[in-house]
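Asker: According to my numbering, the sequence shown holds residues 240 to 336 in order.
It is possible that part of the hints are untrue.
To be verified - Calculated pairs, BS3-like style, for lysine-lysine (alpha carbon to alpha carbon, straight line, at most 30 angstroms):
1. K254 x K242
2. K302 x K264
3. K325 x K311
4. K242 x K325
5. K325 x K264
6. K325 x K302
7. K242 x K264
8. K264 x K254
Claimed, not checked - Derived DEER-like restraints, expressed as beta-carbon distance ranges:
9. V259 x H296: 35 to 45 angstroms
10. K302 x D266: 16 to 26 angstroms
11. K251 x E292: 36 to 46 angstroms
12. V259 x E292: 35 to 45 angstroms
13. G258 x G318: 21 to 31 angstroms
14. G318 x V259: 22 to 32 angstroms
15. E319 x V259: 17 to 27 angstroms
16. D248 x E281: 33 to 43 angstroms
17. P305 x T269: 16 to 26 angstroms
18. P323 x G291: 18 to 28 angstroms
19. F321 x K251: 39 to 49 angstroms
20. G258 x I330: 31 to 41 angstroms
For the record, the hints were derived by calculation from the structure and aren't laboratory data.
Because the structure is a prediction, the values reported are computed rather than measured.
Just so you know, even glycine gets a beta-carbon here, dropped at the ideal spot from N, CA and C.
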Amino acid sequence: MEKVTTYSDLSKWYKEGEGVLVEPKLDGCTVVLRFSDGTLTEALTRGTGLEGERVLHTVQTIKNLPQTIPYKGNLEVRGEVFIPFKTFDEINNGEYA
240 MEKVTTYSDL SKWYKEGEGV LVEPKLDGCT VVLRFSDGTL TEALTRGTGL
290 EGERVLHTVQ TIKNLPQTIP YKGNLEVRGE VFIPFKTFDE INNGEYA
């Protein structure tokens, strides 16, 4: 699997009739969420790959991230957190690029 950034690049290996999934690359911050008996208990950034930053207080402000889930036991979820440009522009006071 190679990165493709132009239609010309895509057409070099695409064969008519074959299924292809194309989606935009989302570049955000990798975050690990840890749930204990269904309750979000920890959130960590990837950091150096060996040690990350604890960001539970920040992650808890994400409106569509559940703080509890119907799961018993320990569960670790790894994903990418990002903010759409439009939302970023709405909340940015000019301090961040």
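Asker: Against the structure shown, which of the earlier numbered hints fail to hold, in ascending order?
Answerer: 3, 19
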